[in-house]
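Number of protein chains: 2
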Amino acid sequence: MSVTNFIQNNKDRFLNELLDLLRIPSVSADPKFKNAVFAAAEFVKESLIKAGADTAEICQTKGYPIVYGEKIIDPSAPTVLVYGHYDVQPADPYELWDSPPFEPVIKKTEEHPQGAIFARGSADDKGQFYMHVKAFEAMMASNDLPCNVKFMIEGEEEVGSDNLDKFVIDNKEKLKADVILISDTHMISMKDPSITVGLRGMAYMEVEVTGANRDLHSGTYGGAVANPINVLCDMIASMKDENDHITIPGFYDKVAELTAEQRARLNEAPFDLDEYKKKLKIAEVHGEKGYTTIERVGIRPTLDVNGIWGGYIGEGAKTVLPSKASAKISMRLVPDQDWHEISKLFEDYFRSIAPASVTVKVKAHHGGSPAVVSDSSVGYQAAEKAMEETFGKRPIPTREGGSIPIVALFQKELETDPILFGFGLDTDALHSPNEHYGVANYFIGIETIAAFFKHFKTLSNQ
Amino acid sequence: MSVTNFIQNNKDRFLNELLDLLRIPSVSADPKFKNAVFAAAEFVKESLIKAGADTAEICQTKGYPIVYGEKIIDPSAPTVLVYGHYDVQPADPYELWDSPPFEPVIKKTEEHPQGAIFARGSADDKGQFYMHVKAFEAMMASNDLPCNVKFMIEGEEEVGSDNLDKFVIDNKEKLKADVILISDTHMISMKDPSITVGLRGMAYMEVEVTGANRDLHSGTYGGAVANPINVLCDMIASMKDENDHITIPGFYDKVAELTAEQRARLNEAPFDLDEYKKKLKIAEVHGEKGYTTIERVGIRPTLDVNGIWGGYIGEGAKTVLPSKASAKISMRLVPDQDWHEISKLFEDYFRSIAPASVTVKVKAHHGGSPAVVSDSSVGYQAAEKAMEETFGKRPIPTREGGSIPIVALFQKELETDPILFGFGLDTDALHSPNEHYGVANYFIGIETIAAFFKHFKTLSNQ
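Protein chains in written order, with UniProt numbering: chain A, 1 to 462; chain B, 1 to 462.
Calculated directly from the structure, the hints in this document are not laboratory data. Don't take every hint at face value.
Same chains, same names: a pair is fine if it fits in one copy or spans any two.
[Stated by the list, open to error] With a cut-off of at most 25 angstroms between alpha-carbon atoms, the simulated DSS-like pairs for lysine-lysine come out as follows:
1. Lys-363 - Lys-108
2. Lys-454 - Lys-11
3. Lys-344 - Lys-34
4. Lys-324 - Lys-240
5. Lys-150 - Lys-289
6. Lys-277 - Lys-324
7. Lys-457 - Lys-361
Only a predicted model underlies this, so the values are computations on that prediction, with no experimental measurement involved.
Just chain A, same shape as in the assembly (with noise of 0.2 angstroms):
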């Protein structure tokens, strides 16, 4: 039976396998979820160990662990390195998903007429790296498997990869292949393939800004004592111009400016303004002044607050002047900034225009390095050979302005270059209530990357 042939036959197994994953709430960023994390590293291990892995092992680390596993046919055959992540994002707010985040649904979009999996984790990424998992089943049961496969998936890309950074390089000759494939960004359309080369980096940190010792009656008290929700409002603000411009200095230097020709051919990329504003409701978009939208969200940094809070919040009117005030900043950096830098800066200028009437506190949460990749290597061909054989069309490079921060990583420990081979939509709704993942996208993966390992091991030869 043809590996195509395979899949076709075993498409409802496939889809219910990837339910089970999806009802195990594996939110690696709230500890009360910690059972349930551990629970998904032992399902991704059973998984690969029956899709025919010569071992898969769950590797303990300082936080959650990794699941390791291989199937090497001939030492001397090309070998792919599959990443994937089976943590996911809090489901917070709840109360605004349609259905439960934890139990899958399958229903109908404007965007996936043959239906889309609605939960939690579905595009974002068990969804997406589940399909490497099933493709490496479907080629090991039709004894057409090309290529050595390695798989590395971790439990803690959402908060950061604390521990990925060793196990890389402490695993170094386990970990060598020739490609890497990681499926966790997304395409263009379904009609517009497309294969991200350029991803942004980030720093996220956590402020808190504290005035009187205490609560206070804002009656008592205010216009004479500091509000720090009014002064946090002050400093974030301040933090960018009017032209929505970052002003921490210092936070542009490293930015790698590209050439007229390069932001050409950039914004030659499909994309409709209107269409764009009508989906999101919005309108007007909001961004730095000179750039265009692709631009703002692949080639130019920013700085955005997360989240925010601060006195009361409930039912109703209280006229408090709080002690506190807090927030969450996350920066998305561009080639050649450094998120280390980056944090510092921000630290140091957060610290410089608070006034004498609070004080303040700040944490990095995590970072990571902006990436691009090339397209230009055997990888890469293989990758658009595939997706042109499954789509019927050559995808388009781009920039895309999430952050996986392991690319960095990869490029620099591993020598190898990622191919970032994702199969969601931009409007999958990731890390937002009722995130999605077309059920079509979930095949046309499982194809694509089947057809991919085909590819990579003729051209690998040639």
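Starting from the structure of chain A, add chain B where the hints point.
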């Protein structure tokens, strides 16, 4: 038995009855405490009847009821109307209380060496209005009630007294009095008794800023789509200039400016800035340039964010670009600002500064007018003499930063100046965790109120 002796002999009971009242969580802002608010009204009615009122009744309104009771000893005698409120502020955040907010405990503090009652509402306003009930009881029991007395104790003060206007207007004859006593303010200290003669008004707004129609991934969209938290921070920041002067057009148009002489007199009140900063653990005060701390809370309006929320506020990091951000913003007003007008100016300005990339909602919660009361009326003189008798020192007239919207209502509808006869301290943590009220303050208040009745009768007959 004299009134003073009766108070002395019934101290334990007077205290325990107050503790019972404090055990009722009558939070008017939160519907889940609805039954408790009604129970508190019942408690007040029963207390008035037991103290010796001719009648006491629960008067229904569209919201929580007003308890009215009276004792008419002689239609020709002077009449005292007591106003207070049995509802309390929400107790959030609960985790910052050292003991549960509705389980009163008595503990000694630096400011209250004889002990203070820790409970939500102990100072604001249960402990304070209940002094009047107990003083009334003591005068009745001693056959020494020199004036007629009327009680009007409401249950919606902490949510804007929405239904009081109608009640007062509909019951002008019933409420007719020669003086109104309100104990809902504080004194400078036990050593420096004071009577409040000025109060700020308030306009309380709630705003919501919406960007895209759903939460987005901050990587995919960050930098290109408005972040409503950043926008809200910008908008809030732009409401004050570098001198902490409020920038809403027309905001200061009706602010009554004091003469240099009036300002000098105001600043004669005992005030130790170092002590003030030390108690609040702040390095610097923070307020409008050109004014002292006493002026900033006494004669200048404010704009304070009382609560802000948006995005992910749980543990760890979530890279969300939220759809919405909200804030509760209140402005303390001074004579002759009108709260309806200020609410409108705020709303117009807030809408005008919103960028086209977001939509905004603005809602006015409630408000109240600022007020100044006479420091030369018969009532004020009687209060002065009563305090001089019990504290051994003539009280200082002060202006307080808080708001009691009812003062302006009484002045207008009942044509009577209230006496703001407060016995709390500004360190009592009103509206904050660990609110408390001094046991000594409670008893000296009861004695002073009884002394007031005596002096008011004498001075009224002169």
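| Hint check against the structure, violated hint numbers in rising order | Of the numbered hints, 1, 3, 5, 7 do not hold.
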